[in-house]
Amino acid sequence: MAQAYSPGLSVTDNIVLAKQRILPLKGNVLVKKGDKVKAEDLVAETFLPGNVLPINLANKLGVTANLVIEYLKVQPGQIIKKGDILAENKGLFGLGLFKSRVVSPIDGEVESISQHTGQALLREPRIPVQIKAFIDGIVVDVIPEEGVVIENKSAYIQGIFGISGEVTGELKMLVNDPNDVLTESLIDSSCKDKCIVGGSMVTLKAIQKAIEVGVKGIICGGIDDQDIKALLGYDIGVAITGHEHLGVSILITEGFGKIKMANKTFDLLKRFEGKKTSMHGKTQIRAGVIRPEVIIPLEFNDADLVASESHMPMLEEGTIIRVIRQPNFGVIGKVTGLPEELHTVESETRVRILEAELENGKKTTIPRANVEVIET
Amino acid sequence: MSGEQLKRIIATDCGSTTTKAILIEYIEGEGYRQTIRGEAPTTVEAPLNDVTRGVVNAVQELQELARLKYKNENITFLHDGPSGEKEIKIPRDGDNGVDAYVSTSSAGGGLQMMVTGVVANMTGESAERAALGAGAIVMDVVASNDKRMNHEKIERIRELRPDMILMAGGVDGGTIKHVVEMAELVSAADPRPRLGTAYKLPIIFAGNQSATDAIKDTLADKVELIVTENIRPTLENENLGPARDKIHDLFMEHVMQQAPGYHKLMEWTRGPIDGKMTNIPIMPTPAAVGNIMKTIAQEEHIEVLGVDIGGATTDVFSVFTDEYIFNRTVSANLGMSYSISNVLASATLPNIIRWVPFDINESDLRNMIKNKMIRPTTIPALLEELILEQAIAKEALRLAFIQHKEFAVSLKGMQQTRDISQAFEQSTSGATIVNMMTLDLLVGSGGVLSHAPRRNQTVMMLIDAFLPEGITRLAVDSIFMMPHLGVLAEINPTAATEVFNKDCMIMLGTCVAPVGKIKPNLTALSAEITLPDGTVFKEDIPFGEVRLLPCELGKKAKAKLVPGKGLDIGAGKNETREVELDGGIVGIVLDTRGRNPFVLPSDNSRIPMLKKWMKEFKVYPEHILN
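Chains as they are written, first to last, in the numbering used here: chain A, 1 to 376; chain B, 1 to 626.
Honestly, the hints are just simulated from the structure, not real lab data. Just so you know, not all the hints are guaranteed correct.
To be verified - The list that follows gives simulated cross-link-like pairs (lysine-lysine, BS3-like), each with its CA atoms no further than 25 Å apart: (1) Lys618(B) <-> Lys556(B); (2) Lys60(A) <-> Lys200(B); (3) Lys26(A) <-> Lys222(B); (4) Lys73(A) <-> Lys177(B); (5) Lys26(A) <-> Lys200(B); (6) Lys147(B) <-> Lys60(A); (7) Lys19(A) <-> Lys38(A).
Please read all numbers here as calculations on a predicted model, not as lab measurements.
Given these sequences and hints, build the entire structure.
This is the structure we're talking about:
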């Protein structure tokens with residue numbers, strides 16, 4: 001039977017999932033192998049160096065940079081309090097008249113004092129960075145000083161694009177049909193701290209309302225490009241996201257514009273309504289691709305955690321596909337044939353195609369490059 | 001090594017979107033030919049996270065097509081390697097395996113850099129030019145006089161997380177205070193690399209050489225400090241070459257290495273050199289294309305401009321002047337898939353829409369562009385979408401060419417002398433050496449140009465984006481083979497040159513374009529052209545028109561070209577030229593739409609005008625242009 005490799009996104013009700021939780025700098029791991037953790041639990045922490053405040057002592061004292069050393073009252077490495085004298089000159093004629101002194105505006109530490117520039121760098125106290133488990137699960141590996149690997153059994157959905165970082169909340173369906181648009185009128189205070197699910201699109205006003213009532217996450221089929229620009233204040237040039245501080249995380253399952261959420265994805269979310277859900281909008285469409293994810297932890301025994309081997313999503317007869325380019329963008333279908341020879345499509349491009357039966361019963365041919373395997 | 005020994009070679013180019021494989025064979029009586037081509041999506045995505053899987057898939061396709069072509073089921077290029085996974089079989093044993101495998105790679109995405117200088121529009125600008133020229137996205141230019149407070153600069157440097165930093169500042173022997181102060185700010189920010197936590201951030205110092213010791217004192221403990229020559233040794237001199245080379249070295253070491261499976265691929269690329277099986281380094285795609293481009297210019301004694309438009313980046317290469325000065329720029333944020341949204345952001349929507357011969361809903365176009373960004377491997381199946389992609393391509397090419405012209409200002413050895421009076425207004429100073437009037441050959445490459453369903457589309461994209469002046473030959477890399485041949489030339493120049501001449505370059509034709517602007521309806525070009533079949537084309541072509549004359553590949557047409565009053569076709573204003581024009585698979589284009597300036601109408605006449613030109617160019621089926 002004809003087969004071909006094709007990229008795909010996972011939508012499954014049962015997967016063994018391993019998540020690395022790594023600190024940005026080396027630090028302390030707070031859990032040990034075998035520990036059961038909740039999404040909210042801290043698993044590792046470290047301290048980022050504090051903010052730095054430069055002060056040009058030479059300018060303030062009115063001396064050349066190489067003379068600053070003579071007037072210093074502190075040394076590099078010294079802990080300082082706000083108001084401490086950093087440097088002081090001897091005043092007029094060395095008699096202490098009209099002395100200039102420079103005091104520290106912050107609590108912290110003297111990082112360095114340069115003889116080349118006469119500049120002192122003061123560093124504020126260190127900033128703690130804490131990494132949470134993000135998913136309920138079991139610690140299966142500890143990477144000393146760096147982080148952990150957590151595994152669980154989950155229902156799992158990979159999105160195509162998202163915004164903002166990791167959140168956890170209860171799953172709440174706000175529409176009954178994957179074609180429905182998620183509008184602001186559907187959002188009320190009962191959505192607070194929830195991960196809400198819409199259908200084909202989420203509107204700008206709905207996102208703003210969601211932020212207002214304290215929704216944690218939004219899962220939807222499509223979003224308008226201009227709405228993202230309005231929310232962020234800038235256009236996304238390259239799809240590297242996840243660092244935004246929007247007040248809500250957004251995960252798009254299908255693409256830009258109004259596109260019906262795949263039935264399979266919608267039904268899966270519906271089945272797990274009310275369940276605790278971890279999700280994030282982090283997307284990177286370049287080397288080392290990152291896709292946004294919805295993770296709904298399931299009950300499991302340790303013995304269940306046997307991951308199936310990673311495999312290539314294959315196109316073959318019977319494979320369920322999503323059309324990812326016009327015509328029929330967003331429509332789900334089933335592969336019915338994979339002819340070998342090249343075909344000419346409307347744009348006169350000669351491509352390899354596949355034959356498919358779409359959800360609506362229509363039979364069609366589609367360039368193989370324009371479908372995505374829906375992985376199970 | 002003789003041709004008899006090296007009979008079958010596989011070359012791949014692992015692009016950020018697609019892995020393209022070609023089979024080169026030695027055929028008795030013909031020499032080296034490119035015979036079969038296969039491709040597969042590049043597999044740097046989960047769950048595979050291994051670039052070699054895409055290579056195997058592409059080679060698998062080669063194998064299947066080779067079996068069909070030669071009706072020989074025994075042909076195999078792959079075998080099970082020691083780990084049980086499929087890999088390319090080298091050396092060859094009869095029908096099994098190949099004699100050599102070479103590859104280029106541009107997977108790994110773009111290079112993100114931050115640059116610093118002392119004076120923003122002097123050393124800051126020089127550093128930016130060096131970084132841009134080396135293919136980076138410049139995330140920010142931090143300079144002593146950029147009006148931000150020092151603590152703001154520190155915060156900015158900390159939050160950026162670039163792949164590397166280029167620090168410039170100060171002329172040699174000048175004051176070191178400001179450049180050291182900048183180093184202190186960088187040190188205080190303690191910047192971290194974008195990818196990985198295990199290595200130190202590379203910082204290239206290319207500033208006042210007298211400050212080197214102080215810079216080392218300030219930074220050497222915290223970062224991987226590389227010191228190179230000053231990019232601005234004196235106020236009047238710019239020396240970007242050494243810094244740019246260092247950026248390229250670090251790009252290979254740090255960014256390309258992040259492409260998953262890259263280490264494995266490096267072990268696979270092997271071939272016999274002087275009879276000994278040797279590992280052949282993977283070449284970055286643009287470097288390989290540059291190799292081939294330089295060869296064309298030098299062998300034919302011509303000025304060449306080449307472009308390779310990919311999914312993430314657009315590279316422009318040029319060889320100009322009698323001294324064959326080679327310049328290359330990589331516009332890391334202009335491409336047709338991963339970076340397509342950046343093309344929209346940089347070019348703006350009106351500039352894209354101006355090339356579209358029908359009305360379109362702006363919101364639909366924006367969403368289409370974003371959808372291409374998040375699903376970069378899709379292809380336009382509908383004619384309207386093809387036209388839109390080609391409109392976007394024209395803008396990506398135009399912008400990449402602007403960047404190239406701004407960069408290609410150097411004299412030989414990348415030393416550029418500026419007049420002291422120009423030193424304070426760099427943006428407008430530094431005349432480009434790119435001269436479209438003296439350019440002989442414009443070569444297009446990359447998916448959107450090489451795979452356009454009609455070659456006429458390639459011609460129109462090249463002309464609209466680059467606006468060649470006077471008389472210019474146009475060519476396209478037939479199936480995007482230049483990177484493969486560029487790397488193949490490293491081990492077997494004979495094979496590379498033979499395939500290049502026979503199978504790679506397709507001459508599209510010649511463009512004749514008078515320079516200047518006159519009123520519409522006035523004659524812009526009086527052409528009398530004797531075509532190879534003896535027919536004579538004679539017309540006084542008004543300003544604002546296009547004509548396409550068929551002239552077979554390999555044939556020449558005799559032309560007498562008289563420019564309209566005040567116009568120039570290369571011999572000076574109003575001067576007649578009698579020349580031979582090269583034919584090609586598209587033919588000879590007479591373009592009187594004007595140059596310097598070339599202006600598209602912005603009123604209601606735009607769409608009818610575009611349709612008229614497009615009909616003449618025969619770029620799209622008639623029904624969409626009626």
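Now the hints, each set against the structure:
1. Lys618(B) <-> Lys556(B): holds, 21 Å
2. Lys60(A) <-> Lys200(B): violated, 34 Å
3. Lys26(A) <-> Lys222(B): holds, 15 Å
4. Lys73(A) <-> Lys177(B): Roughly 23 Å separates the two Cα atoms, so the pair holds.
5. Lys26(A) <-> Lys200(B): Holds - the C-alpha atoms of lysine 200(B) and lysine 26(A) are around 13 Å apart, at most 25 Å.
6. Lys147(B) <-> Lys60(A): holds, 19 Å
7. Lys19(A) <-> Lys38(A): holds, 13 Å
Checked against the numbered hints above, the structure breaks only hint 2 and satisfies the rest.
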